[in-house]
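Since the structure of chain A is provided, determine the placement of chain B on it from the hints.
Keeping their order, the protein sequence lines are chains A and B. If you read the first sequence in this note's numbering, its first letter stands for residue 760, the second for the next number, and so on. If you read the second sequence in this note's numbering, its first letter stands for residue 9, the second for the next number, and so on.
Rather than coming from a laboratory, the hints here were simulated on the basis of the structure. Every residue, glycine too, gets a C-beta built ideally from N, C-alpha and C. Treat the hints with care, since some could be wrong.
Unchecked claim - Below, simulated EDC-like cross-link-like pairs (lysine to aspartate or glutamate); rule was C-alpha separation at most 16 Å, straight line:
#1 B/K381 - B/D328
#2 A/K820 - B/E55
#3 A/K769 - B/E236
#4 A/K796 - A/E944
#5 A/K769 - B/D235
#6 A/K820 - B/E219
#7 B/K63 - A/E996
#8 A/K1024 - A/D1007
#9 A/K1020 - B/E60
#10 B/K349 - B/D261
#11 A/K1024 - B/E60
#12 A/K846 - A/D1015
#13 B/K63 - A/E944
#14 A/K845 - B/D220
Unchecked claim - Derived contacts from chain B toward chain A, CB cut-off under 8 Å, selection only:
#15 F41
#16 V67
#17 I69
#18 S80
#19 A84
#20 G149
#21 Y151
#22 F221
#23 S227
#24 L233
As the list claims (entries may be wrong) - Which stretches of chain A does chain B cover? Using the computed rule of at least three CB atoms under 8 Å from a CB of chain B, they are:
#25 818-827
#26 839-846
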Amino acid sequence: MNELYEKYIKKESLPTLFCPGCGNGIVQFAAIKAFEKLGIKDELACVSGIGCSSWIPCYFKMDVMHTMHGRALPFAEGLKLARPDKKILIFTGDGDCLAIGGNHLIHAASRNIDLTVIEINNYIYGMTGGQKSPATPEGAVTKTSPFGSYDEPIDGCSLVAAAGGTYVARWTTAHPLQLEKAIAEGIEHKGFSFIEVLTQCPVQAGNNIFGEKSPVAMMARYKEMTYIYKEGMEIPEGKVRIGRIKHDTSRKEYTDKVLQKLEEKNIKKGQSNG
Amino acid sequence: MDPEKPQKKDKKTAVLQGNEACAKAAIQAGCRFFAGYPITPSTEIIEMLSGEMQKAGGVFIQMEDEIGSACSIIGARWGGKRSMTATSGPGYTLMQEAIGFAAVTETPTVIVNVQRGGPSTGQPTMSSQQDIYQARYGSHGDYEIIVLCPSSVQEMYDFTTRAFELSEKFRTPVILLSDEVVGHMREKITMKPLPKDTGEQTRVYASSPTEDFFQGANSMVEGQLHDELGRRIGHIAPKSGEFINKICSKITDNIKEIADVEAFCMEDAEVAILAYGSVARSAMNAIKLARGIKDDRIKAKFRIVKDLFVRGVPATIQTDYSHLKVGLIKVNTVWPFPEEKIQELARNVDMVIVPEMNIGKYCREVKRALWDKTVISMPKCGGEIHSPNELLDRILEEVWCK
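Only chain A is shown next, with the shape it has when bound in the complex (with noise of 0.2 Å):
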């Protein structure tokens, strides 16, 4: 076993859950590399919600807590509040982030509360067998959608950016040195990060949305339908953009914002700190 796997997989709990072909191990692999590089292991817990992508963090060798669907979230800010002095890492999926827990993400977005979402978008529920969700294309045939989904997809960057989040990027699984960076950047950033990755599910949505099984096909494909935008570039028509889409250091991070009025009011920050 590669020894980063060795250091940060619990060898007791595998085989992985994951599917052959499926993207969630480059993105755990990423992780993994990110928190090497940062060498953060102990300050870190990680929380995730329901969904494929939820497991990513279950073979973790950490504090891991594996919560409702939706909801990973509010978990995840009560633990922050508790503990402000550590490094919480967010992993979730298209529908878990963006439709049950839609409102979730607006207001931590919204908080700027230190906290690092990496939402693994592959624009299929795909443990429940390929229904449609809140990022699956519009017209896309799925288990839900016989004669083509009516909604138009929602963005997840864009939603997160608007809400007030203040670290937003989006990679895909054809990326995975820059998701690494990426990841390690939303960890070091004090305040909200929201990491969208594309991957691809070749058994849900290979078959139902992109015609196409293969997963090496599907990170191709992530390759062409993506952009890096450079400053006065010419948007290309139909594709998405990839990248670090904002970079605010400006906004005050919550936790900090209530600490520092404790202190001005004169009460010890952690008074009753564990």
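Positioned in the frame of chain A, the structure of chain B alone reads:
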């Protein structure tokens, strides 16, 4: 967890509202995280703790909804802080999934439900005891839970403290099932200092990690059925069955320790009133009336009734209850159902009256436990509490008809 040292203060008295007493007790009991969402009639708790909690060095956050509140207190508890939320009817319904999560992950936390009339938006400003079953069976799946039911401001204070003790010991969510009457009344209470913290804490738990986060224990908090290390066992039938039994029996095997049932005038009683929460107050006064126990507050009531009578309004003051040998069984821990204790206390009575501010729900459990007695349900919906005279008149009626 490195338990936060509860603040030790000298014995103090104060006139407080039930909700305020609950907030004060939470801080006294070492609660250092409160998340909430305003809802009538529990709002005073969140209002008071928004300042008090921060002054005590704790964390307060107003969440976007009750789902968020219930989830964040669980997250905070794993961050090492004793935590609580308070809500009412509709908010309590929203919290049910998280309560199930706390039960399955064995997270100690306290949820206060100041009951109002339902269903749905129902009666926001009126009292009820309609959530008695939701408190027990609210979340999906099989689990056991501890529910405390205060009937006075003093009990609101004492039971909040006890809720934290029980939740930490049995690694379970504990529900403080108050109601609008208790939440909004003002009474003089004594705030006793907590017993000395011995530092050692016994934990009764079934099969979950118990170490807080960031202690190097690699705790895995898992909402699926899991083993001691937090690994999922939900796909293995025998292990899953065992887990469910364990998580229930950690509560049911310790009923004797958890159960708190009080008895008044039960030594020679022929008829018993079994009550909980604010209705137990009326029942207590009914017993004092029948037994001729002097109580300044009851005298005052007599005078008012007399005045009414003078003005030509018929009053029940003339009814003589003195031949009624009535006693009170007051259930403070409504769940787990203290069956044996109730059977023991009621063994000499012929008849048990169960007044409640709902359609007569708890009475079903009482009937099951006291199958060999005459158990009469006395439901009252609409938001008004049973009056002592109402209770005694009903008993008279039942005794005559017998």
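Evaluated hints:
1. B/K381 - B/D328: 25 Å, violated
2. A/K820 - B/E55: At roughly 40 Å apart (the allowed maximum being 16 Å), B/E55 and A/K820 break the hint.
3. A/K769 - B/E236: 15 Å, holds
4. A/K796 - A/E944: Given that 16 Å is the threshold and the Cα spacing comes to 11 Å, the pair holds.
5. A/K769 - B/D235: 15 Å, holds
6. A/K820 - B/E219: 14 Å, holds
7. B/K63 - A/E996: 55 Å, violated
8. A/K1024 - A/D1007: 28 Å, violated
9. A/K1020 - B/E60: 14 Å, holds
10. B/K349 - B/D261: 14 Å, holds
11. A/K1024 - B/E60: 13 Å, holds
12. A/K846 - A/D1015: 14 Å, holds
13. B/K63 - A/E944: 34 Å, violated
14. A/K845 - B/D220: 13 Å, holds
15. F41: 6 Å, holds
16. V67: 5 Å, holds
17. I69: 6 Å, holds
18. S80: 3 Å, holds
19. A84: 4 Å, holds
20. G149: 13 Å, violated
21. Y151: Not OK, violated: B/Y151 not within 8 Å of chain A, min 15 Å.
22. F221: Because about 4 Å separates B/F221 from the closest Cβ in chain A, which is inside the 8 Å limit, the hint holds.
23. S227: 5 Å, holds
24. L233: 12 Å, violated
25. 818-827: holds (count 8)
26. 839-846: holds (count 5)
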